Each structure stands twice: as structure tokens, then as C-alpha cells.
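Asks: Sequence:
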Amino acid sequence: MNANSQQIRIAIVDDHTMLREGLRKILSMEDDLTVVADTDDARQAANIVRET
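In terms of the numbering used here, the sequence shown is residues 5 to 56.
Bear in mind the hints are in silico, worked out from the structure with no lab data behind them.
Treat the numbers as computed from the prediction; the structure is a model and nothing was measured.
Hints may contain errors.
Computed list of lysine to any residue pairs in SDA-like fashion (alpha-carbon distance at most 25 Å, straight line) [said to hold, decoys possible]: (1) K29 with Q10; (2) K29 with A15; (3) K29 with D44; (4) K29 with N51.
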């Protein structure tokens, strides 16, 4: 990540646990991406995003 980059916050919402875990693992390799929520419930993800 360079000085001009901004951190991108991501919420992963899907009812398939394996998909969420795989996506989280892939996204964690990127310095400018942060997964702030990982859930199967959209309402819960929205609440987590608001809190972070």
C-alpha cells in the first residue's frame, strides 16, 4: 500500500461458509483490503459495518 492508497473495508455476506472463508483468505493477501464482517446474515453485516 502506498501513501496515496486508502484502506478498503469489505463485508462478506453469503450463506456458504466455505465461500466466505475462501474469499476472506484471498482478500487478506491484499494490503489495502480489510474484511470487517463475515456472516451469512445481511442485517448482521450491516450492523457490524456501522460499528466499525
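Asks: If a hint holds in the structure, say so; if it does not, say that too.
Replies: Hint check:
1. K29 with Q10: This hinted pair holds, its Cα atoms lying about 20 Å apart.
2. K29 with A15: Measuring from Cα to Cα gives roughly 13 Å; hence the hint holds.
3. K29 with D44: holds (17 Å)
4. K29 with N51: holds (22 Å)
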